[in-house]
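Fit chain B to the supplied structure of chain A, relying on the hints for placement.
Chains A and B, in that order, are what the protein sequence lines are.
Its first residue numbered 1, the first sequence is counted upward by one per residue in this note's numbering.
Its first residue numbered 1, the second sequence is counted upward by one per residue in this note's numbering.
Since the hints were derived computationally from the structure, they do not count as laboratory data.
Glycine is no exception: its CB is placed at the ideal position from the N, C-alpha and C atoms.
Be a bit skeptical, because a hint or two may be false.
[Stated by the list, open to error] Here are a few chain B residues that face chain A, going by a calculated C-beta distance under 7 angstroms:
hint: 1; residue: Leu51
hint: 2; residue: Gly65
hint: 3; residue: Ile68
hint: 4; residue: Met73
hint: 5; residue: Asp92
hint: 6; residue: Phe97
[As the list claims (entries may be wrong)] Beta-carbon label-pair distances, calculated as ranges:
hint: 7; chain 1: B; residue 1: Asp186; chain 2: A; residue 2: Thr110; range: 42 to 50 angstroms
hint: 8; chain 1: B; residue 1: Glu279; chain 2: A; residue 2: Asp87; range: 21 to 29 angstroms
hint: 9; chain 1: B; residue 1: Pro287; chain 2: A; residue 2: Glu336; range: 24 to 32 angstroms
hint: 10; chain 1: B; residue 1: Glu279; chain 2: A; residue 2: Asp169; range: 53 to 61 angstroms
hint: 11; chain 1: B; residue 1: Gly43; chain 2: A; residue 2: Ala220; range: 43 to 51 angstroms
hint: 12; chain 1: A; residue 1: Glu353; chain 2: B; residue 2: Tyr34; range: 33 to 41 angstroms
hint: 13; chain 1: A; residue 1: Asp87; chain 2: B; residue 2: Tyr34; range: 46 to 54 angstroms
hint: 14; chain 1: B; residue 1: Phe126; chain 2: A; residue 2: Leu35; range: 52 to 60 angstroms
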Amino acid sequence: MARPVSAVPKPAAAKRAETGAATEGRLVPGDAALLTMLHYMKLTRALEYRIERNLYRQGKIVGGVYVGRGQEAISVGAAMHIRRGGDESHDDIVSPSHRDMAVFLMQGFTPALVLAQYMGRRTGPTRGRDGNMHMGDLRHRLVAFISHLGDSIPVAAGTALTFRMRGTDQASFCFFGEGAASRGDWHEGVNFAAVMRLPVVFICNNNQYAYSTPVSRQMAVRRLSERGPGYGIPGETADGNDVLEVYDAVGRAVARARRGEGPTLLEFETFRMTGHSAHDDAGYVPKALFAEWERKDPIRRFEKDLVGRRLVDAAALREMEARIEAELDEAVAWAEAQPYPEPRECLVGVYHE
Amino acid sequence: MALTTYVEAIRQGIWEEMEADQRVFILGEDVGIYGGAFKVTEGMLEKFGELRVIDTPISESAIVGAAIGAALMGMRPIAEMQFIDFISCAFDQITNFAAKNRYRWGAGVPIVIRGPSGGGVHGGPFHSQNPEMYFVHTPGLKVVAPATAHDAKGLIKAAIRDEDPVIYLEHKYLYRRIKEELPKEDYVVPIGQAATRREGRDLSLLTYGAMLYPSLEAAGTLSREQGIETEVIDLRSLLPLDKDAILASARKTGKVLVVHEDTRTGGIAGEIAAIVNEEVFDYLDGPVLRVTAPDTPVPYSPPLEEFFLPNKDKILAAARRLAAY
Numbered sequence: 001m002a003r004p005v006s007a008v009p010k011p012a013a014a015k016r017a018e019t020g021a022a023t024e025g026r027l028v029p030g031d032a033a034l035l036t037m038l039h040y041m042k043l044t045r046a047l048e049y050r051i052e053r054n055l056y057r058q059g060k061i062v063g064g065v066y067v068g069r070g071q072e073a074i075s076v077g078a079a080m081h082i083r084r085g086g087d088e089s090h091d092d093i094v095s096p097s098h099r100d101m102a103v104f105l106m107q108g109f110t111p112a113l114v115l116a117q118y119m120g121r122r123t124g125p126t127r128g129r130d131g132n133m134h135m136g137d138l139r140h141r142l143v144a145f146i147s148h149l150g151d152s153i154p155v156a157a158g159t160a161l162t163f164r165m166r167g168t169d170q171a172s173f174c175f176f177g178e179g180a181a182s183r184g185d186w187h188e189g190v191n192f193a194a195v196m197r198l199p200v201v202f203i204c205n206n207n208q209y210a211y212s213t214p215v216s217r218q219m220a221v222r223r224l225s226e227r228g229p230g231y232g233i234p235g236e237t238a239d240g241n242d243v244l245e246v247y248d249a250v251g252r253a254v255a256r257a258r259r260g261e262g263p264t265l266l267e268f269e270t271f272r273m274t275g276h277s278a279h280d281d282a283g284y285v286p287k288a289l290f291a292e293w294e295r296k297d298p299i300r301r302f303e304k305d306l307v308g309r310r311l312v313d314a315a316a317l318r319e320m321e322a323r324i325e326a327e328l329d330e331a332v333a334w335a336e337a338q339p340y341p342e343p344r345e346c347l348v349g350v351y352h353e
Numbered sequence: 001m002a003l004t005t006y007v008e009a010i011r012q013g014i015w016e017e018m019e020a021d022q023r024v025f026i027l028g029e030d031v032g033i034y035g036g037a038f039k040v041t042e043g044m045l046e047k048f049g050e051l052r053v054i055d056t057p058i059s060e061s062a063i064v065g066a067a068i069g070a071a072l073m074g075m076r077p078i079a080e081m082q083f084i085d086f087i088s089c090a091f092d093q094i095t096n097f098a099a100k101n102r103y104r105w106g107a108g109v110p111i112v113i114r115g116p117s118g119g120g121v122h123g124g125p126f127h128s129q130n131p132e133m134y135f136v137h138t139p140g141l142k143v144v145a146p147a148t149a150h151d152a153k154g155l156i157k158a159a160i161r162d163e164d165p166v167i168y169l170e171h172k173y174l175y176r177r178i179k180e181e182l183p184k185e186d187y188v189v190p191i192g193q194a195a196t197r198r199e200g201r202d203l204s205l206l207t208y209g210a211m212l213y214p215s216l217e218a219a220g221t222l223s224r225e226q227g228i229e230t231e232v233i234d235l236r237s238l239l240p241l242d243k244d245a246i247l248a249s250a251r252k253t254g255k256v257l258v259v260h261e262d263t264r265t266g267g268i269a270g271e272i273a274a275i276v277n278e279e280v281f282d283y284l285d286g287p288v289l290r291v292t293a294p295d296t297p298v299p300y301s302p303p304l305e306e307f308f309l310p311n312k313d314k315i316l317a318a319a320r321r322l323a324a325y
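Only chain B is shown next, with the shape it has when bound in the complex:
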């Protein structure tokens, strides 16, 4: 069977939704003739035409604003940020217009804003960011971050069909590095549901995006070398968070480690620690720990970026510290 890459899975998901639903269209910088900076929209202009695959000026605010306007008129726009770093230019449209519209006057804004996030490819401070928490802090938005090709396709489809604005973060490190066999039939991955990637009784490791892979490697090492069985949960969706899955695992293991590539202060790990404390404190056998990037911009030079990013060794160290409680 053919294996599908993460980036191809996103492309397939968008393609299929555009075939199935005339309301779906995509707009962004270089998405048409060029097929997108990472080729997510390759071939779409030829297939769907220039009114459904729209090359825009370099105007993120207009891209998102226009998507909002079209959504209010009954369309299902997908707004591409060429790099997710540039989403900051559209911050106001997203957080003030799109996010609050339904609450204010009942008009939902079913848009998807998607783009490549994350580091590990020497992109430097403006092509490597993980901006999720700006948006997780905004009621009215949904935020998803798939880690597998299967989820990349299932979540983009769920995001397009969702009635509310969804920020869809695709990790560029994973684009062509992972591949798997995908179901032939149409499927979605419901927004708000975590996935258990590895069962374990001793420790819960919560993560998402590209950090799933060093987390799984660390879990394998812990099992082989020390007999520590780590439960690895892929959050997949950051807003809403799958609290049930988080709390169930915390109750089971009594030890929670959160791993994310985003920077430390104000990262989702802090929020998860608070939820775990509030809800299942009596079950805990140790503090909630976190492995994150430090509170710096994402640096360019390889030794700096390597230092910045969480990796298997950093995860192992934190997991061993927690397991010792």
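In isolation and in its complexed conformation, chain A is listed as follows:
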């Protein structure tokens, strides 16, 4: 869906990498869009808090839990550009990573549906076949992620290949972490998309750690985006904790894709404010880093910005939070009341029936 976008002169490009695509204007969301973005950032944080801090610890979620706390700006800022609400020749397609809860919500998954997934219920999007963020639904234009990081990259290229074959201006959004960028599939997929000039936006949430391995042990380049030119495509690094910067960078990359100019590699610097998963206390991360990135929290920063613009005030924020908590109370109750699958459903659906 088209959202109000206006171009205003960009004050500074200092945060962008040397490899960044040159641009004169900066894409800025309209007021309604700004509030939508804040809502989804807060909803994402609150939903994942329930999942990680409440339901997992209560034993109501039995499998792995991976959250994107601290990274909400990336999914939200990017997903604002996903075109939806039309038919198959209009809507974009998206392959989220496991730290992109907001993408699911913005594509129309309700918190209740997400919770049913986490709790292994029959009415969840995978009917109990898979857990946590491994969910998808083509009606929502969501391609499910698999644990083998990087596999989504060639698959996203294939979705974009279809758009090229059909001659539409649809785009494919492909999210991943910096750890996934070490997989061979990542390199094959980015190269394939580059060679074929496919309309893909590659969106890296560089949260500095792949499980316990810091980014310095993951790649020898200073910035992941430096790899873009190595594949013959633009690469750009931006502040992943600034939702407006994400919005701008992704918006420009999507426009390139729609114009038939090929893929863009975007890297958003952020920080994983948790362990790899709920069972991981992240003892290997220096405490000072958490403190430093806590000060850059994307939600508080955005709230402050919007308060400064008088788009919200303290009362409006409290009301927004209260609405979210009420929605989540309902969602949790609904999900807990959902049935488990019948054991013999294990056998159903391996093949087309």
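Here is chain B on its own, set in the frame of chain A:
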């Protein structure tokens, strides 16, 4: 009437499906300008254009991954592995993404992954493999291996029209060595159906791919020299297996011999032996025997490769041993 080779039958099948269905396209290494290493896609670039006959980088994982993505968007991709040996590079995309997708979230992945398999042409360890069992062990996939030109065409068409991912193994030894007259009208060979190539009452010989031919020769010899009537069944499809056909023949003859070019341990013969034991043990008059390649890589030098491959004499020896029970 004109006779059609096995390789031409595959080409015809793909060609006709691409003419009939705009969703069908092919991607792979050297499939466009060059027409494929074995010329399976010859002339297709000129006919269907570069958006439907796509020369890719040497990136099997991207080839299969892109096929998956396109299939999710409603296309019917055919991914060519230049030699089926290279399918290992795409193993993860096939076994974890394509195979499990429908089960996980209901989105089918109707792709065909095809390529030349098998030995007998001095291809050495990396151009001669029979990788079927990696995939037969993966729920969600289908695996077919035609032995005749008729089946090559009928099975490629069935694979393209199938709603699930199909691994289509074409035996390169057969490409230009066998030919037959094909039906003029459109036809498919249903996936999951074996074919009885020779009726017999004394012994069931189950095989597939290029091994069909030494098996039939052995059956002829057994009949002529000893009056042993061998029923030769061409499995055609390894996943799903045509259990009904296997069990019916086992009940009829009470003796089962499985012949495959794939290596011994973990080959389909072991699985068939288990099924026969579980289902029709009371009918058996002897052990289920197997003739297979040994558990080694496929060697290059002619005497080594000849030793490696099953042949008529090895089949005859096993069949005689089984017939003696």
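Tested hints:
1. Leu51: With Cβ-Cβ at 5 angstroms, under 7 angstroms, it holds.
2. Gly65: 2 angstroms, holds
3. Ile68: 5 angstroms, holds
4. Met73: This interface hint holds because 4 angstroms falls under the 7 angstroms limit.
5. Asp92: 6 angstroms, holds
6. Phe97: Constraint on phenylalanine 97 of chain B satisfied, holds at 5 angstroms.
7. B/Asp186 with A/Thr110: 42 to 50 angstroms: 46 angstroms, holds
8. B/Glu279 with A/Asp87: 21 to 29 angstroms: The hinted range 21 to 29 angstroms is violated for glutamate 279 of chain B and aspartate 87 of chain A, with Cβ atoms some 49 angstroms apart.
9. B/Pro287 with A/Glu336: 24 to 32 angstroms: 55 angstroms, violated
10. B/Glu279 with A/Asp169: 53 to 61 angstroms: Since glutamate 279 of chain B and aspartate 169 of chain A have Cβ atoms about 56 angstroms apart, the given range 53 to 61 angstroms holds.
11. B/Gly43 with A/Ala220: 43 to 51 angstroms: 46 angstroms, holds
12. A/Glu353 with B/Tyr34: 33 to 41 angstroms: The hint (33 to 41 angstroms, Cβ to Cβ) holds, given that glutamate 353 of chain A and tyrosine 34 of chain B are roughly 40 angstroms apart.
13. A/Asp87 with B/Tyr34: 46 to 54 angstroms: Given about 38 angstroms between the Cβ atoms, the range is violated.
14. B/Phe126 with A/Leu35: 52 to 60 angstroms: About 59 angstroms separates the Cβ atoms of phenylalanine 126 of chain B and leucine 35 of chain A, which means 52 to 60 angstroms holds.
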